[in-house]
Structure formats: C-alpha cells, structure tokens
Amino acid sequence: MTEDPRIRVVHVGHTLEGLPGSLDVLILDLNLNGRLVIDDIAELACASQRIIAYSQFTEPDLVLAALDAGASAFVAKGEGRVHLVETVVAVAADRPYVTPTAAGVMVSDSRPDAPRLSERERIALLWWFQSMSKASVAHKMGISPHTVEMYIRRARLKYAHVGRAAPTKADMLVRAIEDGLVSAEEIAEPGGVHEGDPAVTGFQGRSR
Amino acid sequence: MSDPSSDIVATARYAHALNVSLVTILAVWHFAYDVLILWRGWPSYTSHAAALGSWLVVAVALVVGSVLLLRGTLGPTTARVLAVATLLAGYLALDSYPSGQVLGEVSWAWNTVGWCGVLLLMRAPLGELIGFQTLNTAAPVLVLAVEGAIDRVMVARLIVVICATVGFQLLFAMTGRLLLRTARQATDLALADAENVGRRSVDEAVHAGRLLRYRQVRERIEPLLRGLADGSLDPSDDAVRRATGLEAARLRRLFAETDDTPDPLLHELRASADLAERRGLDVSFVHYGQPPEIPLVVRRFLAEVPLVVLNSAASWARLTTLTDAGEVIVSVVADAPPDVLSDMRGAVPLSVVFDQEESQLWVEIRWNRAADSTSGSSTTTPSSSRESRPG
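Just so you know, the sequences run in chain order A and B. At the far end of the first sequence sits residue 1560, using the working numbering, and the numbering has no gaps. At the far end of the second sequence sits residue 434, using the working numbering, and the numbering has no gaps.
These are computed hints drawn from the structure, not numbers from a lab. Where a beta carbon is used, it is the ideal one built from N, C-alpha and C, also for glycine. Heads up, a few of these hints could be off.
[Claimed, not checked] Just some of the chain A residues that point at chain B, by a computed CB distance under 7 Å:
no.: 1; residue: Q1408
no.: 2; residue: P1412
no.: 3; residue: G1456
no.: 4; residue: S1460
no.: 5; residue: S1488
no.: 6; residue: S1496
[To be verified] With beta-carbon atoms standing in for the labels, derived distance ranges:
no.: 7; chain 1: A; residue 1: L1388; chain 2: B; residue 2: R269; range: 56 to 62 Å
no.: 8; chain 1: B; residue 1: D386; chain 2: A; residue 2: L1375; range: 54 to 60 Å
no.: 9; chain 1: B; residue 1: S402; chain 2: A; residue 2: S1462; range: 32 to 38 Å
no.: 10; chain 1: A; residue 1: S1462; chain 2: B; residue 2: M387; range: 28 to 34 Å
no.: 11; chain 1: B; residue 1: D306; chain 2: A; residue 2: R1468; range: 26 to 32 Å
no.: 12; chain 1: B; residue 1: R322; chain 2: A; residue 2: A1445; range: 26 to 32 Å
no.: 13; chain 1: A; residue 1: H1363; chain 2: B; residue 2: S402; range: 48 to 54 Å
no.: 14; chain 1: B; residue 1: A291; chain 2: A; residue 2: H1363; range: 48 to 54 Å
no.: 15; chain 1: B; residue 1: D277; chain 2: A; residue 2: T1499; range: 32 to 38 Å
no.: 16; chain 1: A; residue 1: S1462; chain 2: B; residue 2: T304; range: 40 to 46 Å
no.: 17; chain 1: B; residue 1: R269; chain 2: A; residue 2: V1437; range: 50 to 56 Å
no.: 18; chain 1: B; residue 1: T304; chain 2: A; residue 2: S1535; range: 44 to 50 Å
Using the sequences and the hints given, assemble the complete structure.
So this is what it looks like as structure tokens:
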C-alpha cells in the first residue's frame, strides 16, 4: 500500500478510538477484535467518512450489509493488493469499485428489494466474478473494457439506493453524474427502474 | 409380472362375490322357501306370534347383517349380537312347532338360522361358528329327546339332516375361509414379488453404474499402472504425471460422489479443489447461491470439467459457482493448456475461451433446469486464441 505514490497511510489502529477526522478513505476490517462493525460503518458513513469494508469473510449477507450501511466498497482479504489499491484510489474520488467477490455477491443477490440489474450488467458482473479480468470479459462480451467497467459501475450505483441513505452514497451518485455514468433523471428514480423511459434504458429489469 | 394393485382388487372382488352368493342363498331361502312353509303350515303352529316373531327377527338380522356385510362394515361385535338374535329366534320358532314336527313339514328355522351363522360368523374364529352350529343343532335334538321321539330311524334321519345342513354349512364356511386366506396370501406374495422386482431393478441399475465406472476407471488406470510397473512409462515425464494426477483426481471425485451431503456438486468440486491444492496449486473456490437438485449425469459433467482443468493447471486456478433455484453456472479459470477439454463431450453446453497472452483457460458451464438438455449434445466451443490482459 505504502509503495503506491497515490496513497499515504496516516493512521493505523486496532480500534475505532482516536480516528482522525480528515481521512479520505478508511479501510475497516469488518471483524474488529471479534466484533462485527456494520453499525459503526453506518455511523461513520453518516459522518461522510468513505469506508472500504475489508474482510476475510465473504458471506453474501455480510457483504450486502456493509454496502447497505454505506460502505463505498467491499474487498475480500484474499483478493490481493492490486484490488485494494484500485479500490482506495477509486473510493477516494467517490467512484465505485467492485471487486470480483462483490460482483459475485451482487449478481447472486436474490433479496426481494435487490436492485434490478440489466442483462448486460448481470453478465458483466458474472464474468468479472468468474475471470477477474475485465479485458477477458470485454472480449467475451464483444465490447470494450471501458464499457465493461461502465456496466459494473452502473450496477454498483444501483446499490446506492438500497439500505439507509448516507452521504457517502449521495457523493458517489453525484460523482457518477459528473462522470456522465448516469443522468440526474435516472438517479431521481428510486431504484432507477422505469420501464419504457429512454433515459433509463440501462437500468431496466433483471432477467432472473 | 402382474400389477399388485390389480391383485388386491381381485381379492376384494373375490371376497365380495362370496358374500353376495351367501346373501342370495339366504334371501331366497328365508323370504321364499320359509315364507312358503309358514304359509302352508300356518293353521298348525301352536303360537302364531312365536312363529311370525321368530321369522321377523331372523329377517331383520339377515337384512341388517347382509347390508353391513356387503358394505364391508360388519364389525365382529355386531355380527355376534345378530348371530345370538337369530339363534334365539330359532329357539322361539322351535317352540311354535306342533308336537312331533321338529323335523316335519312346518319346521323352517334350523337350516335358515344355520346359514345365518355362516353369513355372520364366517370371518370370526372357526370355534365361534362351530359353537353356534352346536347350539343351533342341540335345541331340536333336545326337543326330540324330550318328546321321546328318538329311535333308530330318527337317529338315522338326524344324521342325514345334520350332514345335509350343518355339515354342508360348515364345509361352505371352511372352504370360503380357506379360499379367502389363499387369495390374501396370493396378494401378499404378489406385493412382495413386486417389491422384490422394484428393489432388484434399483440394485441392478446401481450395480450397472458401478460396473460402468469400474470399467472406465480400469480402462484408464490399468495402462498407467502397467506402464509404470514395466518401466515403459517414466514417472518423471510431465505427461505421465498429468495423466496419473488426473486419474487420482477422478477416483477422488468418484469417492466423493457417493458421500451423503446436502450439496453434492459443491462437495465434489471442493474435493477436486482440495486435491489440486495438495498438488501445490493456488486454488480459489468461491460459491454464491443455493444449489438446486441436479440430475446425476449433469452433476458428473459439471464436476468433471473443472477437475480436468484443475489437473492441467500449472500453478493457479479460480473455481466459481453461482447457483439459484433454476440455474447452475460453474466456471474455472486457470493457467492450463488450451486443448485439455478438446475431447470433452457431455450433457451441458460448454463455453471455452483461451487467452493466449496470459496462457489462461476460461471455461464456463451453464445448466438451466427449465431448459434441461441432459439428453442433448454438447456444443463445445473450439478454443479460441486471443490477446488480452487482466483488468
């Protein structure tokens, strides 16, 4: 982490006590001294703290709970340094980053209030989960890696509507509008689903 | 092999036919022949009330007993109560006969009450029917003895009458019971036979499956062992090591296949992943979703493809499964050669992509319950070469 010039580590701790207030990103182990910190995530996200949930546990319920509570991303400990660095850089700029583990959880999410992903978003997430290579996914889908990235990010943005509202989620949506990833009209629709509206075609229903 | 259910129906029909014939005999006897006797000898009965009353009691017991019997709801207690009622009615009738007419033209009850006993006590223990017949026979004989009418001629007549009535009735009852029992035994045998046939066909299918697997394993393993034993195969040769590793993995998967676990597919995949890890491979196995019930032939294929890829991988592999109630998606990515699955034919379509630059093989198998193609053919995509770098 310290090897990357874009990142500076300013605080390392075993508890949430004495946390500096000026952190761009907080990497938080979900299991802090034997205690799950989902509630702390919600509290910190309310205070606009960007959080990356980091855990060796990859159970879907836990991953989704962390995202619902306002964590900007989830990284499994087994996913390696590159994913963590990429996630930190993306999250610091309020951009979503979906690791293959999070993609697997999102694509298998069968909760009644799960966001409705489009077929292409689903495929992109599924193949990203399988191959861990966006270039491979792009080739298989017959699109550019950039478009694959767009599908994955759009799928992730739909999760900003699930669970409690948090400034971290709002910031992510604002940045997505600035980046041209979604339009303000799409954001205005809860869940982003509005069949037949040309402005929200990318947010149409999931096939499963 | 006959259908066991039809045998049960046949037994029930047979019992019903026996009951109908008994009821018919008695109905004709009591409502035609006895009525004729009563009508013809009416002036000579000592008590008309006793004559008519006894006839009515027998008629009521007969109708009630017959209806219950034909409906199949005649309980043992009801049958005994009705039998005792007819026995007593028989005694009452005996009392209405004029002197010396116990075996005369106006007597009717002995034979009829005897048949009633057969009808009502056919299914009771045989002792009850014999007791009933004894009591039914003893009364007229006793009356004859009291009247002093028993001489050599009367004894001979009694023997003939007892043989013709009681003997025939008991014979009928015993034959009926014997036939019913035989029919029941035949039914039981047919049921047991059907069960044996069913069990045998299952055993045969299991045995055939074992033989097939044994033959497949032997055909592939025997040459390897033979080659290693006679020195024609070199254990340090990579190809030999890969072949022996693959067969060891297959054996391991076959052992896992018979384990009793809630998620057999995951269990078998985990077994393959464990074995690959033991071989020094860096394997990640991630699964999301609840696996549905998968037909064995499909499951075998879903497990066999990753097994082959894992065994051919040089240093790492990523095995993922995504399942829900209707679909299973198994994928494996590994640094394996492009042609390891070239002769793979199975129950489910395969998608195979080879990334040349990264020297990695990406295989995806999808099985959909709704569009189950277990009888269909494989549509293995030929390995394609391309350039790519990870994202």
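Hints, verified against the model:
{"no.": "1", "hint": "Q1408", "verdict": "violated, 13 Å"}
{"no.": "2", "hint": "P1412", "verdict": "holds, 6 Å"}
{"no.": "3", "hint": "G1456", "verdict": "holds, 5 Å"}
{"no.": "4", "hint": "S1460", "verdict": "holds, 4 Å"}
{"no.": "5", "hint": "S1488", "verdict": "holds, 5 Å"}
{"no.": "6", "hint": "S1496", "verdict": "violated, 11 Å"}
{"no.": "7", "hint": "A:L1388 x B:R269: 56 to 62 Å", "verdict": "holds, 57 Å"}
{"no.": "8", "hint": "B:D386 x A:L1375: 54 to 60 Å", "verdict": "holds, 56 Å"}
{"no.": "9", "hint": "B:S402 x A:S1462: 32 to 38 Å", "verdict": "holds, 36 Å"}
{"no.": "10", "hint": "A:S1462 x B:M387: 28 to 34 Å", "verdict": "holds, 31 Å"}
{"no.": "11", "hint": "B:D306 x A:R1468: 26 to 32 Å", "verdict": "holds, 28 Å"}
{"no.": "12", "hint": "B:R322 x A:A1445: 26 to 32 Å", "verdict": "violated, 42 Å"}
{"no.": "13", "hint": "A:H1363 x B:S402: 48 to 54 Å", "verdict": "violated, 41 Å"}
{"no.": "14", "hint": "B:A291 x A:H1363: 48 to 54 Å", "verdict": "holds, 50 Å"}
{"no.": "15", "hint": "B:D277 x A:T1499: 32 to 38 Å", "verdict": "violated, 50 Å"}
{"no.": "16", "hint": "A:S1462 x B:T304: 40 to 46 Å", "verdict": "violated, 23 Å"}
{"no.": "17", "hint": "B:R269 x A:V1437: 50 to 56 Å", "verdict": "holds, 53 Å"}
{"no.": "18", "hint": "B:T304 x A:S1535: 44 to 50 Å", "verdict": "holds, 49 Å"}
In terms of the numbered hints stated before, the structure departs from hints 1, 6, 12, 13, 15, 16, listed from lowest to highest.
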